[in-house]
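Chain B: place on chain A using the hints.
So the protein lines, in turn, are chains A and B. Quick note: the first sequence, position 2, residue 2 per our numbering, numbers continuous. Quick note: the second sequence, position 96, residue 1096 per our numbering, numbers continuous.
For the record, the hints were derived by calculation from the structure and aren't laboratory data. One thing to keep in mind: the hints can contain errors.
Stated by the list, open to error - Taking lysine-lysine and the DSSO-like style, the derived pairs with C-alpha atoms no more than 30 Å apart in a straight line are:
id, chain 1, residue 1, chain 2, residue 2
1, B, K1055, A, K104
2, B, K1078, A, K11
3, A, K57, B, K1073
4, A, K57, A, K11
5, A, K104, B, K1070
6, B, K1073, A, K104
7, A, K57, A, K104
Unchecked claim - Take a look, some chain B residues computed to stay more than 12 Å from chain A by CB distance:
id, residue
8, P1009
9, M1011
10, E1015
11, T1018
12, S1042
13, N1062
14, N1067
15, K1070
16, G1085
17, G1108
18, G1110
19, V1115
What you are looking at is a predicted structure, and each value in this text was computed from that prediction instead of being measured. All residues carry an ideal CB built from backbone N, CA and C; glycine is no exception.
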Amino acid sequence: GAGVSQSPSNKVTEKGKDVELRCDPISGHTALYWYRQSLGQGLEFLIYFQGNSAPDKSGLPSDRFSAERTGGSVSTLTIQRTQQEDSAVYLCASSIITGGRGEKLFFGSGTQLSVL
Amino acid sequence: AQTVTQSQPEMSVQEAETVTLSCTYDTSESDYYLFWYKQPPSRQMILVIRQEAYKQQNATENRFSVNFQKAAKSFSLKISDSQLGDAAMYFCAYRSAWGGATNKLIFGTGTLLAVQP
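Here chain A stands alone, though its shape is the one from the complex (with noise of 0.2 Å):
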């Protein structure tokens, strides 16, 4: 596609219910990031694929969140048991990984989770 989609654009739940994010990078893109923007925050980091190497899950709050990435493309975090904490925007960027580390990110719209 043209830019990063992410679906849902919003989605309230209720507490305790699980819920999935997903994403859907630039083709081509192999690196794809998951960030967290809490009301009033910076941007949190959460997750990190590269290709086909082990994704840095070191940013994860707990572990009622995991992501996966299928294919090299599409992600989806998964939120179980949601708390009210986790009320957010969910932002997901990709970019080319080119040897150097100041390539440009390209970030989708983002998924406004509400707990109720």
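For chain B alone, coordinates are given in the frame of chain A:
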């Protein structure tokens, strides 16, 4: 661990005027990258400008320029001839250049810029 600090939660500027957004960071590394991202109400983050730490020359992109002071660990963004479309949240970000490290960006908390007509 690296940190990025933006001490101005909100700023305001008159259309056609110049505004400077501040950013400081903390790192023990000598080689890294610094970025300014813009986030309009659409939520999509857009790269405004990028600076490589090993380059002394300040980066410039049209009306946007940076003042990179490596010793002071300061990286401010100057917007000249401000336009209504510049109104957005601006984030400063850091990335390590060391091999083996995750390519993750570390972000500040952002500065909300309002442009007054």
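- Looking at P1009/B again, its CB stays over 12 Å from all of chain A? At about 8 Å from chain A, P1009/B fails to clear the 12 Å cut-off, so the statement is violated.
- Item | Given hint K104/A paired with K1073/B - CA-CA distance at most 30 Å | holds (22 Å)
- Message: Over 12 Å from every CB of chain A: does G1085/B meet that, or does the non-interface label fail?
- Response: holds (17 Å)
- Could you grab the alpha-carbon distance between K57/A and K1073/B and see if it respects the 30 Å cut-off? holds (28 Å)
- Below or equal to 30 Å on CA atoms is what counts here, so check K104/A against K1070/B. holds (22 Å)
- Please settle this one: N1067/B was flagged as non-interface, so is its CB more than 12 Å from every CB on chain A? N1067/B clear of chain A: closest Cβ-Cβ about 19 Å, beyond 12 Å.
- Message: Just to be careful, I want the Cα atoms of K57/A and K104/A compared with a cutoff of 30 Å; is the pair within it?
- Response: Judged against 30 Å, a Cα distance of about 21 Å means the pair holds.
- Check on M1011/B being off the interface with chain A, judged by Cβ distance over 12 Å: At about 16 Å from chain A, M1011/B clears the 12 Å cut-off, so the statement holds.
- Find the nearest Cβ of chain A to the Cβ of N1062/B and say whether that gap is larger than 12 Å. Answer for N1062/B: holds, closest chain A Cβ roughly 16 Å.
- Message: If I take the minimum Cβ distance from S1042/B to any residue of chain A, is it greater than 12 Å?
- Response: violated (6 Å)
- Quick one: work out the minimum CB distance from K1070/B to chain A and report holds if it exceeds 12 Å, violated otherwise. Correct as stated: the minimum Cβ-Cβ distance to chain A is 16 Å, above 12 Å.
- Task: Quick one: work out the minimum CB distance from E1015/B to chain A and report holds if it exceeds 12 Å, violated otherwise.
- Result: holds (27 Å)
The earlier numbered hints that this structure contradicts are 2, 8, 12, 17 and 18.
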